Amino acid sequence: MTLSRPARPAPVRWSWPAAAAASGRDVIPALLALAPLGLVVGVTVQQTSIGRLLGVASAPAIFAGTAQLSLLTLLHSGAGIAAVVLSVAVINARMVLYAAVLEPRFRAQPAWFRWLAPHFVVDPTFALVTARDDLTDPVAFRRYWLAMSGMLAVAWTALVALGVGIGPALAGGAGVLAFAPVAVFLGMVAPRLTDRPALTAAGVAGLVTAGLASSGGLPPGTPVLVGAMSGVVAATLTVRTTS
Amino acid sequence: MTALLASAGAVAVTYLLRILLITLVPAARLPAVVQRALPHVGPATLMALVAAALFGSPVGVQPAFLVGAVLTGAVAWWRGNVVLATGVGLGAVAVFQLL
Chain B
78 MTLSRPARPA
88 PVRWSWPAAA
98 AASGRDVIPA
108 LLALAPLGLV
118 VGVTVQQTSI
128 GRLLGVASAP
138 AIFAGTAQLS
148 LLTLLHSGAG
158 IAAVVLSVAV
168 INARMVLYAA
178 VLEPRFRAQP
188 AWFRWLAPHF
198 VVDPTFALVT
208 ARDDLTDPVA
218 FRRYWLAMSG
228 MLAVAWTALV
238 ALGVGIGPAL
248 AGGAGVLAFA
258 PVAVFLGMVA
268 PRLTDRPALT
278 AAGVAGLVTA
288 GLASSGGLPP
298 GTPVLVGAMS
308 GVVAATLTVR
318 TTS
Chain P
307 MTALLASAGA
317 VAVTYLLRIL
327 LITLVPAARL
337 PAVVQRALPH
347 VGPATLMALV
357 AAALFGSPVG
367 VQPAFLVGAV
377 LTGAVAWWRG
387 NVVLATGVGL
397 GAVAVFQLL
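Chains as they are written, first to last, in our numbering: chain B, 78 to 320; chain P, 307 to 405.
Simulated from the structure, these hints should not be mistaken for laboratory data.
Predicted, not measured: the structure shown is a model, and the values here were computed from it.
Please note that a few of the clues may not be correct.
Which bits of chain B does chain P cover? Going by a derived footprint, with three or more residues having C-beta under 8 Å, they are [claimed, not checked]:
| hint | segment |
| --- | --- |
| 1 | 128 to 142 |
| 2 | 161 to 172 |
| 3 | 203 to 210 |
Here are the simulated distance ranges between beta carbons [claimed, not checked]:
| hint | chain 1 | residue 1 | chain 2 | residue 2 | range |
| --- | --- | --- | --- | --- | --- |
| 4 | P | Thr308 | B | Val316 | 39 to 49 Å |
| 5 | B | Arg184 | P | Met307 | 36 to 46 Å |
| 6 | P | Gln403 | B | Leu163 | 29 to 39 Å |
Covered stretches of chain B, going by a simulated chain P footprint (3 or more residues, C-beta under 8 Å) [to be verified]:
| hint | segment |
| --- | --- |
| 7 | 103 to 113 |
| 8 | 183 to 196 |
| 9 | 304 to 317 |
Even glycine gets a Cβ: it sits at the ideal position worked out from N, Cα and C.
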């Protein structure tokens with residue numbers, strides 16, 4: 078996938094094959110990011126008493142790897158249902174931000190799509206859709222979103238199942254694989270850092286998150302949420318100051 | 307039964323977070339100041355995810371990952387190609403770990 082910076086093109090109504098081809102090309106780097114986490118979730122399912130069927134089946138149902146990993150480890154440690162659900166809510170709170178950004182693209186969609194399709198709002202889908210400037214046509218967005226989400230859901234479930242089956246055998250490449258999410262998300266964000274607000278948002282978010290994450294002690298997901306919100310506030314203040 | 311109920315609760319709360327500002331209370335109804343802040347969510351959250359992965363690892367900060375991150379960011383910014391940047395970054399980490 079190439080992230081260019083051209084002027085906004087006229088809306089294009091994609092056919093299903095065009096949407097599937099475009100989403101297929103975009104999904105490849107996202108799969109790189111998902112692979113380590115999917116395998117780790119699968120290995121964790123195998124190591125806990127949750128059961129393989131429930132563990133693999135809940136992968137597309139939750140569709141959020143870090144949250145599922147937290148669920149598995151908390152259940153394994155004997156945590157109660159309320160504690161597990163609260164932890165998942167904290168970890169996935171950033172999806173409210175994603176939803177707010179993506180809402181204009183869902184506004185002109187049919188009701189079934191506005192109720193069902195947000196299930197696929199997650200880091201890679203958010204990053205891929207916001208990197209494209211050719212999805213202004215509602216039909217094009219709907220077809221691209223369904224094709225991309227469908228591929229990711231199938232691949233994510235397969236990765237978790239693979240982790241259940243052969244995860245321990247892949248331990249040799251774990252070090253390099255663990256870097257894949259960093260590389261993919263960095264590759265997606267770097268081309269967008271072309272103006273002062275974007276640089277401020279990314280810089281402040283990175284610094285705050287790094288500080289909170291390295292200090293430890295906070296619930297999983299909290300450093301990302303607090304860091305991201307700090308970056309958004311700083312960038313908004315930058316725009317107001319310069320204007 | 308606990309695992310089943312906890313998984314169902316996780317699915318429900320995650321779905322609620324996802325539809326909250328799309329279907330239940332569309333973001334268009336949010337105050338203007340919040341709507342002005344939304345374009346900054348992308349760069350901020352993606353960089354926060356990167357920082358958490360680099361600095362929040364249970365095994366501590368890994369120098370190979372820092373080197374890989376610098377190279378990945380530089381190539382991505384220079385060429386705007388995610389696949390190329392990811393390949394360079396992963397290759398750098400693999401080489402660094404072999405040394």
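| Does the Cβ-Cβ separation between Gln403/P and Leu163/B fall within 29 to 39 Å? | holds, 37 Å
| Stated coverage of the segment 304 to 317 of chain B by chain P [criterion: 3+ residues, CB within 8 Å] | holds (count 10)
| field | Per-stretch coverage check for the segment 128 to 142 of chain B, three Cβ contacts closer than 8 Å to chain P | value | With 7 residues closer than 8 Å to chain P, the segment 128 to 142 of chain B meets the three-residue bar; holds.
| request: Just tell me: holds or violated, for the beta carbon distance of Arg184/B and Met307/P against 36 to 46 Å? | output: holds, 40 Å
| query | Against chain P, does the segment 183 to 196 of chain B show at least 3 residues with beta-carbon separation below 8 Å? | reply | holds (count 6)
| query | Is 39 to 49 Å right for how far apart the beta carbons of Thr308/P and Val316/B are? | reply | Given a distance of about 48 Å, which is inside 39 to 49 Å, the answer is holds.
| request: Quick one: see if chain P covers the segment 203 to 210 of chain B, three-plus residues with Cβ-Cβ under 8 Å. | output: Held - the segment 203 to 210 of chain B has 3 residues with a Cβ nearer than 8 Å to chain P, which meets the minimum of three.
| task | Three residues minimum, CB to CB under 8 Å: does the segment 161 to 172 of chain B make the cut for coverage by chain P? Let me know. | result | holds (count 8)
| field | Outcome, coverage hint (the segment 103 to 113 of chain B, chain P; C-beta under 8 Å; three residues) | value | holds (count 3)
Taken one by one, the earlier hints all hold for this structure without exception.
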